[in-house]
Amino acid sequence: MARWDSILKKKFAYIIIGTAVISLILGPILGAVLNKIIIYERKPQVIQEDSTLGINKAFSFFVELEKNQKLIVEISEYYINCTVTIKILSNSIFQSASLANSTPGSVSGMEFVYSQFGWGTSPAGGTVGASALTLPTTVRYAYIEFMGSRNGDALISWPGEYVVIVYGTNSGGPGDINVYFDITIKIDGPGDTLSDIFMILGVFLLLFYFIAAIVIILKKNFFR
Amino acid sequence: MGESRESISLFERLPFNDKEKALKFLIYGLLVAIIFGTILMISKSIADNATTWQNLQNQQNEMNYKQGLYGYNDYIKQLEKTQLITYWMQYQEVIVGNIARIGVNVGLIFMMIAFVCFALNDKLDERTRRISLILAGVILFVVMITTFFSNIAIVIS
Chain D
2 MARWDSILKK KFAYIIIGTA VISLILGPIL GAVLNKIIIY ERKPQVIQED
52 STLGINKAFS FFVELEKNQK LIVEISEYYI NCTVTIKILS NSIFQSASLA
102 NSTPGSVSGM EFVYSQFGWG TSPAGGTVGA SALTLPTTVR YAYIEFMGSR
152 NGDALISWPG EYVVIVYGTN SGGPGDINVY FDITIKIDGP GDTLSDIFMI
202 LGVFLLLFYF IAAIVIILKK NFFR
Chain Z
-7 MGESRESISL FERLPFNDKE KALKFLIYGL LVAIIFGTIL MISKSIADNA
43 TTWQNLQNQQ NEMNYKQGLY GYNDYIKQLE KTQLITYWMQ YQEVIVGNIA
93 RIGVNVGLIF MMIAFVCFAL NDKLDERTRR ISLILAGVIL FVVMITTFFS
143 NIAIVIS
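Quick mapping for you: the protein sequence lines, in order, are chains D and Z. Numbering of the first sequence is given in this note's numbering, commencing with residue 2 and proceeding in unit increments. Numbering of the second sequence is given in this note's numbering, commencing with residue -7 and proceeding in unit increments.
Isolated chain D, as found in the complex:
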């Protein structure tokens, strides 16, 4: 009993309640900060026109996705005379295309969805499925979500290794061989899980302390 009495001591109360409050504050903060992790960002990213002739000259970025993990690519094309196409390939297809240095246009991309944000459109109405996207022909900016496959606008998780490729042309003069575009690649981080763990810990600690304190007070005063 004496050992349990120490729960009511000021120092112990500060530690328990303090930890609970810190957990409840940290949960949402960590959730927001670690929700998405930027793994690559370049503004502008430069490739050459010959990226359309062989996949080895195209921009490529390797990503490994776990179950239920999402890949997000934000790509925009605002540069003069530049046109780029983005595809996401499975690593095996990319490797075989790379060995043969196939033209990126001849390689089939995997299914993803991209969103066009606006206040006038509903979320479902602003989302389009595709296996390749050309900028700025189709859109100037795209927020691409990818998990392996899709059913309509909803993604299906296929864990595995994937490669994001971008190739393009510059329609300027003969000397203009550089193709510019902005790209940010993100993946789902542990934010959601951490947020849930911290919130549950905080609530559990507060409940535990409250119940323990009531039981000890009653026991101390009436049942001894």
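These aren't lab readings, by the way, just hints derived from the structure by calculation. Watch out, some of these pointers could steer you wrong.
Stated by the list, open to error - Heads up, incomplete: computed chain D residues facing chain Z, CB under 10 Å, no partners named:
1) 73
2) 93
3) 115
4) 118
5) 123
This structure is a prediction, so every number in the text was calculated from the model and none was measured. Backbone N, C-alpha and C fix where the C-beta goes; we use that ideal spot for every residue, glycine too.
Chain Z: place on chain D using the hints.
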């Protein structure tokens, strides 16, 4: 042997002739009943307002999507998460409510014991003892009614 001594001592320790200790029982019982009663009401309020909270979250979610903070599949995920939390907000009333009911009843039993002790205390005047007995009876009645009948409620609006 130890157990029987403990159970006898528990009864013997009831403050039949100790006004101070009976008052302590009354105050602690009142406090416990108020704390658990408040928890019960908060829990009920959370459950009753779960749908309002859900509407608020869904509107925020849609606005976040429209601002381009996240994509369609994160929007769907957030909808599902909000729905799950709404269900939990409604279901917690069952868990917290039942625990709180036990707490309220324990508090009321403490109060009833205190009034019974006042009624049995021959050092107090006749009138006080009679009122205490009536109050103990009323509390016992409330405890019994709320324990055995769940459909009886007093609505104050």
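Open item on the list: Min Cβ distance, residue 73 of chain D to chain Z: is it shorter than 10 Å?
Closed with: Where the cut-off is 10 Å and the nearest Cβ of chain Z is about 7 Å from residue 73 of chain D, the hint holds.
Task: chain Z contact restraint on residue 93 of chain D - CB to CB distance below 10 Å - done: violated (25 Å)
Task: residue 118 of chain D as an interface hint toward chain Z, with CB separation required under 10 Å - done: holds (4 Å)
Task: residue 123 of chain D as an interface hint toward chain Z, with CB separation required under 10 Å - done: Because about 8 Å separates residue 123 of chain D from the closest Cβ in chain Z, which is inside the 10 Å limit, the hint holds.
Open item on the list: Just to be careful: measuring from the Cβ of residue 115 of chain D to every Cβ in chain Z, is the smallest value less than 10 Å?
Closed with: Because about 8 Å separates residue 115 of chain D from the closest Cβ in chain Z, which is inside the 10 Å limit, the hint holds.
The structure does not agree with numbered hint 2 stated previously, though it agrees with all others.
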